[in-house]
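Fit the two chains together into the complex; they arrive one by one in their own frames, and the hints show the way.
Protein chains in written order, with the numbering used here: chain A, -3 to 107; chain B, 44 to 153.
Quick caveat, the hints were computed from the structure, so don't treat them as lab data.
Note that the structure is a prediction, hence the values are computed from the model and not measured.
Errors might be hidden in some of the hints.
[Said to hold, decoys possible] The list that follows gives simulated cross-link-like pairs (lysine to aspartate or glutamate, DMTMM-like), each with its CA atoms no further than 20 Å apart:
no. : chain 1 : residue 1 : chain 2 : residue 2
1   : B       : K80       : A       : E95
2   : B       : K85       : A       : E95
3   : B       : K80       : B       : E58
4   : B       : K140      : A       : E53
5   : B       : K140      : A       : E93
6   : B       : K145      : B       : D92
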Amino acid sequence: DAMVIQNPRYQVTQFGKPVTLSCSQTLNHNVMYWYQQKSSQAPKLLFHYYDKDFNNEADTPDNFQSRRPNTSFCFLDIRSPGLGDAAMYLCATGTGEREQYFGPGTRLTVT
Amino acid sequence: GENVEQHPSTLSVQEGDSAVIKCTYSDSASNYFPWYKQELGKRPQLIIDIRSNVGEKKDQRIAVTLNKTAKHFSLHITETQPEDSAVYFCAGTGNYKLTFGKGTLLTVNP
Chain A
-3 DAMVIQNPRY
7 QVTQFGKPVT
17 LSCSQTLNHN
27 VMYWYQQKSS
37 QAPKLLFHYY
47 DKDFNNEADT
57 PDNFQSRRPN
67 TSFCFLDIRS
77 PGLGDAAMYL
87 CATGTGEREQ
97 YFGPGTRLTV
107 T
Chain B
44 GENVEQHPST
54 LSVQEGDSAV
64 IKCTYSDSAS
74 NYFPWYKQEL
84 GKRPQLIIDI
94 RSNVGEKKDQ
104 RIAVTLNKTA
114 KHFSLHITET
124 QPEDSAVYFC
134 AGTGNYKLTF
144 GKGTLLTVNP
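Bound-form chain B, shown alone (with noise of 0.2 Å):
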């Protein structure tokens, strides 16, 4: 089945700083690559995705990137804010699930 990993676990940034957090995954055939944003006790809400057939997409402050060769992928937000302090999941998909990576805390100090 589908493996991803998620670098790093915790990342700490100044406001206005961008943060970037990365993922690879194992299965070749994943072909949809989520981003999930979840706050303290709320649930998990995309915020970007990207397809395989595509190697980078930008939505305002945060983007994605994809290297289907080297199976990795990763997020950037650039100007960071206060309220983007939250924890960040990437998924990879394989038969209809998603395969989470295991998160990472985000913190925006003002």
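Bound conformation, chain A alone (with noise of 0.2 Å):
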């Protein structure tokens, strides 16, 4: 069942200091998608990238960053954690034309 790996699955920072949050996929999907999930609310996506084209949603704080540096592996960087960037990050990858496969998530907690 590991097709999309999270890494690592618990993260805690402390505010303001960077951190990075990994995801690999065995699928060889061309898109990779990264979601923050907050409690009792829907993943809202952050951004994509199909094959090497970035995509960020209008709304995704320029503290988020993203490297896709091969089909396999792409990245989270919170470049300056806040308390309010605590939540799950989800990690999916898709064909783009139907479903998503999810990742498990990386619960980060900022101190």
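The structure is reproduced here in structure tokens:
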């Protein structure tokens, strides 16, 4: 079941200290997505890559960046985490035409 | 962009009863409508989906119906069981992206 892998599963960082979350996939999908999900809310799309093309959502803060060095890996960088960035971060992959496959998520705590 | 409305936000049923969750969407170009189930602390998992050229799809106790004219689609769960308790999200699609509804917390009481 480990088709979309996220590391770490739990991350604690200090206020303002940069943090990087990683996602890898074995599905060879060309689209990779990053979502932020806060308690009792729907996943909120931050950005996605279609192959190497980066697509940022209009309301994604500049504090969030992403890198996709190859088909298999995608990273989420939070440059200066604030208390409001504490959330579950979900990576997903897809072909763009049908379902998305979600990773198990990284629970980020900001102290 | 796409806007998806989902109702109700909470639903409580007795074991064995049916549950229905409804969604409306705004973008007539949306052509794929998945339903995800998310248990507490876990990832969303696809339970059923439907494409816009189909009006209904069924998988055991779960069915989805789509009315393209009215731009709404519904999830039907029959013979509910306690393990069906979870948050359910509908979604619309466009430009390779999913737009989620706000979710329905389904509680199945034994």
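Going through the hints against the structure:
1. B:K80 - A:E95: Holds, at about 13 Å.
2. B:K85 - A:E95: holds, 18 Å
3. B:K80 - B:E58: holds, 18 Å
4. B:K140 - A:E53: Status holds; Cα separation ~10 Å.
5. B:K140 - A:E93: Roughly 9 Å separates the two Cα atoms, so the pair holds.
6. B:K145 - B:D92: Since the Cα atoms of B:K145 and B:D92 sit roughly 17 Å apart, the hinted pair holds (cutoff 20 Å).
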